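Student: Following the hints, put chain B in place on chain A, whose structure we already have.
Heads up: the protein sequence lines correspond to chains A and B, in order.
Numbering (my numbering) for the first sequence: 1 to 299.
Numbering (my numbering) for the second sequence: 1 to 255.
By construction, these hints were calculated from the structure, which means they are not laboratory data.
This structure is a prediction, so every number in the text was calculated from the model and none was measured.
Hints are not guaranteed to be accurate.
Below are the DSS-like pairs computed for lysine-lysine, each with C-alpha atoms no more than 27 Å apart in a straight line [said to hold, decoys possible]:
#1 111/B / 191/A
#2 219/A / 111/B
#3 149/A / 111/B
#4 171/A / 278/A
#5 54/A / 211/A
#6 111/B / 211/A
#7 299/A / 72/A
#8 264/A / 254/A
#9 136/A / 269/A
#10 144/A / 111/B
#11 144/A / 278/A
#12 173/A / 111/B
#13 278/A / 136/A
#14 149/A / 171/A
#15 257/A / 72/A
#16 79/A / 57/A
#17 36/A / 297/A
#18 175/A / 47/B
#19 111/B / 175/A
#20 269/A / 54/A
#21 91/A / 114/A
#22 136/A / 111/B
#23 80/A / 36/A
#24 191/A / 161/A
#25 57/A / 36/A
#26 136/A / 149/A
#27 111/B / 141/A
#28 298/A / 33/A
#29 80/A / 298/A
#30 80/A / 57/A
Letter by letter, the chains look like this.
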Amino acid sequence: MRKCFIFTLAAIFAMTLIGSVALADETMDRINKTGKIRVGLREGSIPFAFIDPKVGKHVGFSVDMTDLLVEKLSQHFGKKIEIQPFTVTPKTRIPMVANATVDVEMGSTTYTQKREEVVDFSYIFFFSETTFLVPKDSDIKTIKDLNGKRLGGARGTTNLKAIEDQVAAGKYKPKDIVVVETHPEGFLALKGGKVDAYSTDRSLLEGLRMKAPHPENWKTVDFAIAYEPYGYMCREGNSDIRDFINNTIVWSIKTGKFFEMYDKWMGPKGVVPIPMSKTYRDYLTLICYPQAPDWWKKK
Amino acid sequence: MTEEGISPLPYLFWEIMLGLAYEFDWGVLWRNPYGMYLLQGIWVTIKLGLIGWAIALSLGVLIGTMRISPWRWLRFLGTAYVELFRNIPFMVQLFFWYYAGPMLFGASLQKSINSIIGLNYYVAIIALGMYTASRVAEHTRAGFSSISRDHYQAALSTGLTHPQMYRYVIIPYALRIIIPPLTTEFLTIFKNSSIAMTIGVLETTFMSYKIDSETFHGLESTTGACLIYLALGLAVVRLMGMLESRLKIPGMIGR
Numbered sequence: 001m002r003k004c005f006i007f008t009l010a011a012i013f014a015m016t017l018i019g020s021v022a023l024a025d026e027t028m029d030r031i032n033k034t035g036k037i038r039v040g041l042r043e044g045s046i047p048f049a050f051i052d053p054k055v056g057k058h059v060g061f062s063v064d065m066t067d068l069l070v071e072k073l074s075q076h077f078g079k080k081i082e083i084q085p086f087t088v089t090p091k092t093r094i095p096m097v098a099n100a101t102v103d104v105e106m107g108s109t110t111y112t113q114k115r116e117e118v119v120d121f122s123y124i125f126f127f128s129e130t131t132f133l134v135p136k137d138s139d140i141k142t143i144k145d146l147n148g149k150r151l152g153g154a155r156g157t158t159n160l161k162a163i164e165d166q167v168a169a170g171k172y173k174p175k176d177i178v179v180v181e182t183h184p185e186g187f188l189a190l191k192g193g194k195v196d197a198y199s200t201d202r203s204l205l206e207g208l209r210m211k212a213p214h215p216e217n218w219k220t221v222d223f224a225i226a227y228e229p230y231g232y233m234c235r236e237g238n239s240d241i242r243d244f245i246n247n248t249i250v251w252s253i254k255t256g257k258f259f260e261m262y263d264k265w266m267g268p269k270g271v272v273p274i275p276m277s278k279t280y281r282d283y284l285t286l287i288c289y290p291q292a293p294d295w296w297k298k299k
Numbered sequence: 001m002t003e004e005g006i007s008p009l010p011y012l013f014w015e016i017m018l019g020l021a022y023e024f025d026w027g028v029l030w031r032n033p034y035g036m037y038l039l040q041g042i043w044v045t046i047k048l049g050l051i052g053w054a055i056a057l058s059l060g061v062l063i064g065t066m067r068i069s070p071w072r073w074l075r076f077l078g079t080a081y082v083e084l085f086r087n088i089p090f091m092v093q094l095f096f097w098y099y100a101g102p103m104l105f106g107a108s109l110q111k112s113i114n115s116i117i118g119l120n121y122y123v124a125i126i127a128l129g130m131y132t133a134s135r136v137a138e139h140t141r142a143g144f145s146s147i148s149r150d151h152y153q154a155a156l157s158t159g160l161t162h163p164q165m166y167r168y169v170i171i172p173y174a175l176r177i178i179i180p181p182l183t184t185e186f187l188t189i190f191k192n193s194s195i196a197m198t199i200g201v202l203e204t205t206f207m208s209y210k211i212d213s214e215t216f217h218g219l220e221s222t223t224g225a226c227l228i229y230l231a232l233g234l235a236v237v238r239l240m241g242m243l244e245s246r247l248k249i250p251g252m253i254g255r
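Only chain A is shown next, with the shape it has when bound in the complex (with noise of 0.2 Å):
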């Protein structure tokens, strides 16, 4: 009998080690051990990741953010952290953290529980809202005025499913749904009078809308028709790195840094004007979890 409890003893204690080395994540090793951390950047998402064409480089949101996780890695380390940018697409951005292409991708991914499968999330940083682009004079205001209109949307968007759920479900009754293929080619549809309305992301929106050549004849409605949480990517049971991201995005919060951010991409005089709705504010301000000054400092 105490003999068993021994050797039960001394398999628990072997246990607690096995389990303390299974604990530090290939991630964060990996990136002490090259000096180098691969983050997947995205081309195109206006303004969270993209190419700027004077600078030929990635910049947005999503990258100042990338560079306050760099800083802390670094102090973290105790060394200086390379960022080593790789591009994704939204085809290939959940592949390529799965099998370790990147280490960590920093743009505008939804958060989708089937996502959630084959990666790991973050903390949601950014809501996005399906709402739609009308022209200046529309009538829509509310969710009522969709009835009976023409409404766009790209296929295989998100958007588009919300509208078809929602018509389904008979909350309205637009006229007829038109798909296309493109955001550009949705706002050519607007322009050419075929949809009353064009739907997709209140952020794509806004930024088809200051491409156009007089963005004050469009504007975005006032309500949503559903929200997209955002987050940033990592691989599946990293959990050093999506804590140390997480860590991250509460410490920015706290110190402002995260509002100064944004008010420099989103702000009135940003790439993509989106004032800060007030619940996203108060979403903000709660997840702020109690952070030990130095969180960042090797334990």
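Tutor: Structure of chain B alone, referenced to chain A:
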């Protein structure tokens, strides 16, 4: 922004390369509501193909005849049409008719054209018909050229006028000769109709991609679409084969 499902195959490629579990679920081909999606898609594909073919055949034979007519300006018109339509990729033509086409009609008419419900569907039919017509015209011309000069002269010497000669002698001959290449064009129109997806026509390919984006079962839905096109194609081949044997003139062509 989520864009999964815009193109199922690269995604699938990665899925298989990564060894992520891919479990086949052929039920997406008939389960509610996906089975209904596919049926609707098939119906639209058939309508696109048949109406487009009706336009292509009538217009194509007309233009092919124009290209060998003795009047110069008619020949010029026919050649211009053929060269214009067969040298521009079909997808570009489709985009042109859908997005730029209505602008040709002036501001007020443009507005009413753009407000037509199902405009993309009508545009797809017309574009398919006009594109295929240019190819049918070429086959028709080839058919005319293969008829020896004596036939023309013999027809004219019996006192037929030029139009009568074409109507009663040359075209019935030529059409029989070109049935095999026409079969190919008839098949192609069904296959080309899948490009109508790019302007949002809810045909078979569109529906199979839609099923993929909703279920992540792209392999099954794409296979389903393949089988549908294959079945349509085989039906057309069979139909045209029957037509060919029924119309053949003993001793003229055919062995």
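Student: All the hints need checking, so say for each whether the structure fits it.
Tutor: Taking the hints in turn, this is what the structure says about them:
1. 111/B / 191/A: Since the Cα atoms of residue 111/B and residue 191/A sit roughly 10 Å apart, the hinted pair holds (cutoff 27 Å).
2. 219/A / 111/B: 20 Å, holds
3. 149/A / 111/B: Satisfied, since the Cα-Cα distance of roughly 15 Å is no more than 27 Å.
4. 171/A / 278/A: Distance ~26 Å between residue 171/A and residue 278/A Cα, so the pair holds.
5. 54/A / 211/A: Holds - the C-alpha atoms of residue 211/A and residue 54/A are around 16 Å apart, at most 27 Å.
6. 111/B / 211/A: 24 Å, holds
7. 299/A / 72/A: Holds: residue 299/A and residue 72/A sit about 14 Å apart, inside 27 Å.
8. 264/A / 254/A: 17 Å, holds
9. 136/A / 269/A: The given pair, whose Cα atoms are some 21 Å apart, holds under the 27 Å limit.
10. 144/A / 111/B: This hinted pair holds, its Cα atoms lying about 24 Å apart.
11. 144/A / 278/A: Holds, at roughly 24 Å.
12. 173/A / 111/B: Within the cut-off at roughly 22 Å; holds.
13. 278/A / 136/A: Since the Cα atoms of residue 278/A and residue 136/A sit roughly 25 Å apart, the hinted pair holds (cutoff 27 Å).
14. 149/A / 171/A: 13 Å, holds
15. 257/A / 72/A: With a Cα-Cα distance of about 13 Å, the restraint between residue 257/A and residue 72/A holds, given a limit of 27 Å.
16. 79/A / 57/A: 24 Å, holds
17. 36/A / 297/A: Holds, at roughly 18 Å.
18. 175/A / 47/B: 22 Å, holds
19. 111/B / 175/A: The given pair, whose Cα atoms are some 17 Å apart, holds under the 27 Å limit.
20. 269/A / 54/A: Given that 27 Å is the threshold and the Cα spacing comes to 18 Å, the pair holds.
21. 91/A / 114/A: 15 Å, holds
22. 136/A / 111/B: 17 Å, holds
23. 80/A / 36/A: 9 Å, holds
24. 191/A / 161/A: Holds, at about 23 Å.
25. 57/A / 36/A: 18 Å, holds
26. 136/A / 149/A: It holds: about 16 Å lies between the C-alpha atoms, which stays within 27 Å.
27. 111/B / 141/A: With Cα atoms ~23 Å apart, residue 111/B and residue 141/A stay inside 27 Å; holds.
28. 298/A / 33/A: It holds: about 15 Å lies between the C-alpha atoms, which stays within 27 Å.
29. 80/A / 298/A: 15 Å, holds
30. 80/A / 57/A: Measuring from Cα to Cα gives roughly 20 Å; hence the hint holds.
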